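Colleague: Could you build all of it, start to finish, from the sequences and the hints given here?
Sequences listed follow chains A and B, in order. Going by the numbering used here, the first sequence opens with residue 1, and the numbers climb by one from there. Going by the numbering used here, the second sequence opens with residue 1, and the numbers climb by one from there.
Derived by calculation from the structure, the hints in this document are not laboratory data. Keep in mind the model is a prediction, meaning the values are calculated, not measured. Idealized CB from N, CA, C, for every residue including glycine. Misleading hints may appear alongside valid ones.
To be verified - Simulated coverage check for chain B against chain A, where a stretch passes if three residues somewhere in it have a Cβ under 8 Å from a Cβ of chain A:
1) 14-28
2) 33-41
3) 169-183
Unchecked claim - Heads up, simulated DSSO-like pairs for lysine-lysine below, C-alpha to C-alpha not over 30 Å straight-line:
4) B/330 / B/137
5) A/239 / A/275
6) A/239 / A/284
7) A/275 / B/194
8) B/194 / B/275
9) A/239 / B/330
Stated by the list, open to error - Estimated spans, in silico, between C-beta atoms of each pair:
10) A/277 / B/138: 35 to 43 Å
11) A/165 / B/24: 17 to 25 Å
12) B/5 / A/236: 44 to 52 Å
13) B/154 / A/108: 47 to 55 Å
14) B/138 / A/168: 22 to 30 Å
15) A/25 / B/24: 22 to 30 Å
16) A/239 / B/164: 54 to 62 Å
17) A/164 / B/171: 25 to 33 Å
18) B/12 / A/111: 50 to 58 Å
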Amino acid sequence: MENRLPASADDVAARLGETGYLCDGSLATVTFLALRMERPLLLEGEPGTGKTALAEAIAETLGLPLVRLQCYEGIDATQALYDWDFPRQILHLRALEAAGGNTDVEEAEKSLYDERFLLARPVLAALQQSPAVLLVDEVDRADDEFEAFLLEVLSTYQVSIPELGTVAAATPPIVVLTSNRTRELHDALKRRCLYHWIEHPGLEREVQIVRSRAPEVSEELARQVVGVVQQLRDEGLQKPPGVAETLDWARALHHLGTTTLDLESAARTLGALVKYREDAQRVKQALDQLLRA
Amino acid sequence: MSAVRQPDEVLLGFARALRAAGVPVTQDRAQGYLAAVALVGLGDARATYDAGRATLCGSPDDLARYDQVHEAYFNARDGLPRTRPAEEGVPTLSGLPLSEGDGDGDGETDDPVVRAMASEVEVLRHRDVASLSAAEKSRLSTLFGTLHPRPPRRRTSRHQRWHRGTVDASRTLRASLRRMGEPADIEWRRRGNKPRRVVLLIDVSGSMSGYADALLRLAHRFTHGGGVVETFTVGTRLTQITRALHFRDPERALVMAGETVPDWSGGTRLGETLKIFMDRWGQRGMARGAVVVVFSDGWERGDPTLLAEQMARLQRIAHRVVWVNPHRGKSGYEPVQQGVVAALPFVDDFVAGHSLATYAELVEVVASA
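Modeller: What follows is the structure, encoded as structure tokens:
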């Protein structure tokens, strides 16, 4: 089977590398620990540093299904856990009526709360499909109440449905939580998790990432693009470009047939890299200098 | 005597040291740390380090402390953890001898009994910023970390769903339609609220030069307090320094702001620069519905009627106009400067701004605006 657990941190790094996700030593160690200790992994970091991609890579490496729960303001348990399929329950009742049987009321009621009428939302789905990888994306966007609820699920890996009983995972799912740190998460939730702050990758690593994710881009172009992006991150932009932007930019340049980065092609494709007008102006001013360096 | 310590003991000792350094290490975290180290193996120093980071820390601040303590605990060459450099944050004790002679007579409480009881930090909080020595200024700059500006909030016209409030008829109906008309749960909603924009206009003319550093630090705190904050300096020209203040590190932000502003300690043409602000930014939307805070002593070289005109214009557009005057809190102050006289009718709040304590009050005024 593909989904045997990795034996060491190096094994994790190697196997993630096979899927095209290149990670440094500490991230590999933390991932290894999360897998072995069966603890959720809380990833924080700037947008575009590959938090979500890690969950996808883990799922791919282990050959497990990835269940994704995208958090947003106002998300509640019915959108994360389960809901009853009301129309189908009604249909079922009507069908019973139509059958005209002298069915026992209690019996009929009981048949309504059957597993087939249960709509499994991501968390429940992950528990049912276990083993699986559950990605709780951008937890910081959800409300405090939702966090408390997550806490309950993550500590026991089971969900109790009043009408049906308790659904517990045969093997606990591998849980990855990501946060952009727009607000501080509750300490109780953090305590359950292994914590890792993902930094922007270094020059060599980022070149490798570009080469592996966008193999069509030439080595030379990749190196130039990454060099410029790395310097831009220190420029104090409103939104410093992440790895995702680097990839976009490299691909954009490639599609224009650029083989070496020059001022004109850089200026034309800037929209792939910076997304604020003020940033674009600043980058344009700095580009001349950066390219000469 | 040189008993070999058990690994558990060493590791738990480290967790303890970390707790002493201010990282909230709980018992279960420490246990997680032991389990993680057991998994990666004690022999691997790098992996042990990573395991500790993952299990004992919970935020980027923790990570920085972790690195320091880790270095001191495991790599101490003298055999003992070295003292760490003081962290930026909330100093409670001050090693600073405050000289008795200067800075008094600002209308502050000089009662010897009170002074003996108040801690030195508390004294520093109430001292006039412009009268501080360089050492006191650097002490004070760390105290700015104790200010926690909150953005003022405004109600939005959009409703959000909520677990109580008024009935959200359309959502309730739609949910019931989805269930083929069967009534089900009632949905509720409430009015949403959003942070209101805050605009800071800082006078950097010669008469305000003693306060410029403190005001920029204050602006930096506002910028990182959440919500949208725009900062400009006014003097002989108008300069936007919002971007410079976006740097997290206050020192770096101040240097960047210093490089951006061309007219430090120049003259004051408040009316003209305010007009430029209104024409170029304010009218177009930046000041609309915003809380505008003007930091100035009101020494106006230009035409005061122009200033009055522009302040009136500003007040019509802005939600609230706050004027912060560093001389306001001093005894014997009368608002007689031309600029202040001209502007005062159009100001909602006229507050003092010469010491950290008054800045803390200002933070409250802005938050509740």
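Colleague: So which of those numbered hints doesn't the model satisfy?
Modeller: Of the numbered hints given earlier, those the structure breaks are 9, 11, 14, 16, listed in rising order.
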